[in-house]
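Novice: Line by line, the protein sequences are chains V and L.
Under the numbering used here, the first residue of the first sequence is numbered 372, with each subsequent residue one higher.
Under the numbering used here, the first residue of the second sequence is numbered 372, with each subsequent residue one higher.
Careful, some of the hints might be misleading.
Same chains, same names: a pair is fine if it fits in one copy or spans any two.
In silico lysine-lysine, DSSO-like type, Cα no more than 27 Å apart, as pairs [said to hold, decoys possible]: (1) Lys-625 <-> Lys-545; (2) Lys-518 <-> Lys-454; (3) Lys-620 <-> Lys-397; (4) Lys-809 <-> Lys-741; (5) Lys-625 <-> Lys-541; (6) Lys-473 <-> Lys-452; (7) Lys-407 <-> Lys-458; (8) Lys-429 <-> Lys-690; (9) Lys-405 <-> Lys-473; (10) Lys-458 <-> Lys-405.
Source of the hints: derived by calculation from the structure; they are not laboratory data.
There are 2 protein chains.
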Amino acid sequence: MADKKVKFICSKSDDLAKWYTDVCLKAELMSYAKTKGFIVYRPDGYSLWEEVQSYLDKRFKALGARNVYMPTLIPTSLLNKEKDFVKGFAPECALVTQGGGKDLTETMVVRPTSECLFSDHFKDIVHSYNDLPVKYNQWCSVVRWEKTTRPFLRGAEFLWQEGHTLHYSKEEAKQFALSILRVYNDLGKDVLAIPFVMGRKPDSEKFAGAEETYTIEALMPDGQALQCGTTHYLGTGFPECFNIRFLDKDNQLKYPHYTSWGVSTRLLGALIMVHGDDEGLVLPPRVAPIQSVIIPIRMETSAEVRQACHTLCHALEEKGVRVLLDDSDKTPGWKFSQYEMKGIPLRIEIGPKDLEKGVLSLSIRYSGEKRQIPLERAAEVIPDLLDEIQQGMYKKAYDYLHSHIYPCTTYEEVKDVLSSHKGFCKMMTTGESEDEEKMKAEFSATPRVIPFDEKKFADTDPLSGKECDQVIYYARAY
Amino acid sequence: MADKKVKFICSKSDDLAKWYTDVCLKAELMSYAKTKGFIVYRPDGYSLWEEVQSYLDKRFKALGARNVYMPTLIPTSLLNKEKDFVKGFAPECALVTQGGGKDLTETMVVRPTSECLFSDHFKDIVHSYNDLPVKYNQWCSVVRWEKTTRPFLRGAEFLWQEGHTLHYSKEEAKQFALSILRVYNDLGKDVLAIPFVMGRKPDSEKFAGAEETYTIEALMPDGQALQCGTTHYLGTGFPECFNIRFLDKDNQLKYPHYTSWGVSTRLLGALIMVHGDDEGLVLPPRVAPIQSVIIPIRMETSAEVRQACHTLCHALEEKGVRVLLDDSDKTPGWKFSQYEMKGIPLRIEIGPKDLEKGVLSLSIRYSGEKRQIPLERAAEVIPDLLDEIQQGMYKKAYDYLHSHIYPCTTYEEVKDVLSSHKGFCKMMTTGESEDEEKMKAEFSATPRVIPFDEKKFADTDPLSGKECDQVIYYARAY
Numbered sequence: 372m373a374d375k376k377v378k379f380i381c382s383k384s385d386d387l388a389k390w391y392t393d394v395c396l397k398a399e400l401m402s403y404a405k406t407k408g409f410i411v412y413r414p415d416g417y418s419l420w421e422e423v424q425s426y427l428d429k430r431f432k433a434l435g436a437r438n439v440y441m442p443t444l445i446p447t448s449l450l451n452k453e454k455d456f457v458k459g460f461a462p463e464c465a466l467v468t469q470g471g472g473k474d475l476t477e478t479m480v481v482r483p484t485s486e487c488l489f490s491d492h493f494k495d496i497v498h499s500y501n502d503l504p505v506k507y508n509q510w511c512s513v514v515r516w517e518k519t520t521r522p523f524l525r526g527a528e529f530l531w532q533e534g535h536t537l538h539y540s541k542e543e544a545k546q547f548a549l550s551i552l553r554v555y556n557d558l559g560k561d562v563l564a565i566p567f568v569m570g571r572k573p574d575s576e577k578f579a580g581a582e583e584t585y586t587i588e589a590l591m592p593d594g595q596a597l598q599c600g601t602t603h604y605l606g607t608g609f610p611e612c613f614n615i616r617f618l619d620k621d622n623q624l625k626y627p628h629y630t631s632w633g634v635s636t637r638l639l640g641a642l643i644m645v646h647g648d649d650e651g652l653v654l655p656p657r658v659a660p661i662q663s664v665i666i667p668i669r670m671e672t673s674a675e676v677r678q679a680c681h682t683l684c685h686a687l688e689e690k691g692v693r694v695l696l697d698d699s700d701k702t703p704g705w706k707f708s709q710y711e712m713k714g715i716p717l718r719i720e721i722g723p724k725d726l727e728k729g730v731l732s733l734s735i736r737y738s739g740e741k742r743q744i745p746l747e748r749a750a751e752v753i754p755d756l757l758d759e760i761q762q763g764m765y766k767k768a769y770d771y772l773h774s775h776i777y778p779c780t781t782y783e784e785v786k787d788v789l790s791s792h793k794g795f796c797k798m799m800t801t802g803e804s805e806d807e808e809k810m811k812a813e814f815s816a817t818p819r820v821i822p823f824d825e826k827k828f829a830d831t832d833p834l835s836g837k838e839c840d841q842v843i844y845y846a847r848a849y
Numbered sequence: 372m373a374d375k376k377v378k379f380i381c382s383k384s385d386d387l388a389k390w391y392t393d394v395c396l397k398a399e400l401m402s403y404a405k406t407k408g409f410i411v412y413r414p415d416g417y418s419l420w421e422e423v424q425s426y427l428d429k430r431f432k433a434l435g436a437r438n439v440y441m442p443t444l445i446p447t448s449l450l451n452k453e454k455d456f457v458k459g460f461a462p463e464c465a466l467v468t469q470g471g472g473k474d475l476t477e478t479m480v481v482r483p484t485s486e487c488l489f490s491d492h493f494k495d496i497v498h499s500y501n502d503l504p505v506k507y508n509q510w511c512s513v514v515r516w517e518k519t520t521r522p523f524l525r526g527a528e529f530l531w532q533e534g535h536t537l538h539y540s541k542e543e544a545k546q547f548a549l550s551i552l553r554v555y556n557d558l559g560k561d562v563l564a565i566p567f568v569m570g571r572k573p574d575s576e577k578f579a580g581a582e583e584t585y586t587i588e589a590l591m592p593d594g595q596a597l598q599c600g601t602t603h604y605l606g607t608g609f610p611e612c613f614n615i616r617f618l619d620k621d622n623q624l625k626y627p628h629y630t631s632w633g634v635s636t637r638l639l640g641a642l643i644m645v646h647g648d649d650e651g652l653v654l655p656p657r658v659a660p661i662q663s664v665i666i667p668i669r670m671e672t673s674a675e676v677r678q679a680c681h682t683l684c685h686a687l688e689e690k691g692v693r694v695l696l697d698d699s700d701k702t703p704g705w706k707f708s709q710y711e712m713k714g715i716p717l718r719i720e721i722g723p724k725d726l727e728k729g730v731l732s733l734s735i736r737y738s739g740e741k742r743q744i745p746l747e748r749a750a751e752v753i754p755d756l757l758d759e760i761q762q763g764m765y766k767k768a769y770d771y772l773h774s775h776i777y778p779c780t781t782y783e784e785v786k787d788v789l790s791s792h793k794g795f796c797k798m799m800t801t802g803e804s805e806d807e808e809k810m811k812a813e814f815s816a817t818p819r820v821i822p823f824d825e826k827k828f829a830d831t832d833p834l835s836g837k838e839c840d841q842v843i844y845y846a847r848a849y
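Next up, chain V with everything else stripped away, as it sits in the complex:
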């Protein structure tokens, strides 16, 4: 019965790209806006972002960050101050040339990121070592004029948070950038049920103006990597450029050390791709706007069924479960496929036969597993079951990721992995740019991440045969 409803979306394994777009639209996460390249974040999509915000905002504040809001428009002269930075962003900018019916004397840029605004503000508020550290975060949208767009993954506008901090020392700044990276990693584990590879970016993949870029990388079902969040140690480049200086205890004027960091609604793209299946979206309970749906069976002929559903619904609400009782007159079959499409983690069915036996039937969205539990214990069991689902989904994704990291010590192995297998090619590298160019030309693969805590497992770079000590993960990437 459910099959008929989901014929509208294609199979995930047949055509991941089409499946992905189908799910985004049919699960009502977004729709295309009249503004070309822009999307409408619909309630079921936006609420996923609200859960991400709620988790991160608390974690950031616990690390001492406070929220601020900077202008949405940046004068070009300000954007142009930091040369490396502007090179990275200028080609993607949207330009405001008129305001209030007049040509502007200076063109403005719709913010693509706000380092230069923060820097210009920091120079006014930082004077002494006492003023450090400064830890600011901003929730906003940014605009980048992308040629090809995909919902959540790449768009002309996305929602994000951008953190900007100043620190006394290089070491403190780096440590802070790393502590935020761990928060992002925890978000994956605790909320999104997505495991990441944590590490730093090779020089060629660093953020414009960064001395170090740290990253969390996820693996998509087609074996391509998706960069899901980055934190940057920006050194003293912005402070030097914007003349942000503090008087130190030794009476010397010094430059503070800058970090910036962000995750965006791209995370929703990862969420959809990592967990979704041929029936549609699959949501981990922690991020699901509705965690459990109750569907009455033969309700029209049984007042007891209706009553039992309402009683359970209230009992679950009291336990803090986000629950929906759908007692509309649509058929159970329609409801099954509708809520499967919407990715609701747990379906609860109650029918006359169940009631006779004093049980209810559960269906776990991600595994397809069915269970019967005693009705009287339901409100007690279900919150724990939602935790179990959260952990089960994380474990499933974790196993997938770690079974798709292939250590390669020879060129043939590299070739084999990147042409026939899905996943990360783990290899030793000298980090030379010829290697990167070769990998790009032959396999369309880029160096994704120099992972933390990976031990040397061979002596030479499989491309050049040169001796080296560094492990790197290559993959094709979004």
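Mind docking chain L on chain V? Use the hints.
Specialist: Just chain L now, with coordinates in the frame of chain V:
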């Protein structure tokens, strides 16, 4: 001692405009951005907005509204669809003419408000009476190219929420717009300690495209009114223009009824002006990022003082009080004026003499009142005291508002009130445009609000002498 520190701000009664800007800057709520007409919302300013958001978001959701996010850029063709609407907004628009290094084929507008984006989306999602009501809200910023700007009160960009809903009937839509108005009014009472006059706008002051505009109006210390939030019943104009139709039970295609509603960071301007004094900002506890500051006296010579401060700080935190212990080596005098400037509702001092007596000294920011309370009961008493302060501040503002509403039945009274008194001129009106023009020309006053629940108190309009039944409040306004 404190006096010296606050010499930096001018007296509120001497020059309200200068005082206001001084407080915004010195209390570190905002600073001017390099982008002309735009401001930086600093942490202590932005956190006030976060409290407003947190309160309203819960209330909106309780009324069934869900959050969405629409593009920040609007194609001009879409903005131009509704004629009344575009007339209202076109002169204030910022235009994007280039993107990704190329001239755009169609100019985009940085959103000044999003009715047309919502309408364009609604036409895709509303088909049947079953799809109604639709209740959406969006938290975002908007850009309006204002010539003269003042922090929070009027700026090229402000933060706001904009709600957009569709309803089956006119009556349901109007009732919904009114229920949101009551939420705004509650925000004033529960959070901001600002009383409003609630009512509807006369035709001349309605939102572009609205059939009815409802408003909350506050009174500033200079006797000028400040419109603090509006909700609109927009009729079926947008649905007709964008072809949003639903199939009703009777098999007829019909247009749904539209409401929109918003409050903005302008509320922070009202908060500053209504409560602030010559020492700086004064915050109601409910909205204050720090509700109470503990200042140790002679801490350097008394380990007991330091210990008592820490103990109290933890005890208050456990009670959910947002408390700051400032045990820095700055002088108590510096701290007193600093936290007075910042508007912290309650100051707690603990010194060796207090400890001997087993008491602590409290200073209530808004009233200047000093109290001593037993140290051992502090954690119990202080949360209640914060509630008392919240209510006291509301009452003070309420009394001010209601003692500045002057009923006028003759032209001389109108003239007297609007030229010598501060406040609202309450009068009967025919609502004719000649009256409005006269009031504007002679007194720079505009019709602010037709208040709910006001009884007819005279038979004639004091300007024209014509018979009429409607009460109206006139005032000069921001």
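Novice: Each hint needs a verdict: does it hold in this structure or not?
Specialist: Results for each hint:
In the homo-oligomer, the alpha carbons of Lys-625 and Lys-545 lie at most 27 Å apart inside one protomer (18 Å), although the nearest pairing across protomers, at 60 Å, exceeds that limit. Taking the shortest alpha-carbon separations for Lys-518 and Lys-454, only the intra-copy value of 24 Å comes in at or below 27 Å, while the best inter-copy value is 32 Å. With identical chains, the CA atoms of Lys-620 and Lys-397 are at most 27 Å apart between copies only, with a shortest distance of 26 Å across copies and 60 Å within one. Taking identical chains as interchangeable, the C-alpha atoms of Lys-809 and Lys-741 are never at most 27 Å apart, the minima being 50 Å within one chain and 76 Å between chains.
In the homo-oligomer, the alpha carbons of Lys-625 and Lys-541 lie at most 27 Å apart inside one protomer (12 Å), although the nearest pairing across protomers, at 64 Å, exceeds that limit. For a Cα distance limit of 27 Å, the shortest separation of Lys-473 from Lys-452 qualifies both inside one copy, at 26 Å, and across copies, at 22 Å. Taking the shortest Cα distances, Lys-407 and Lys-458 sit within 27 Å of each other both inside one copy (25 Å) and across copies (24 Å). Proximity of Lys-429 to Lys-690 under the C-alpha cut-off of 27 Å is found in both arrangements, the shortest distances being 22 Å within a copy and 19 Å between copies.
Taking identical chains as interchangeable, the C-alpha atoms of Lys-405 and Lys-473 lie at most 27 Å apart whether they share a chain (26 Å) or sit on different chains (19 Å). In this homomeric assembly, Lys-458 and Lys-405 come within 27 Å of each other (Cα to Cα) only across copies, at 21 Å, whereas the closest approach inside a single copy is 30 Å.
The structure does not agree with numbered hint 4 stated previously, though it agrees with all others.
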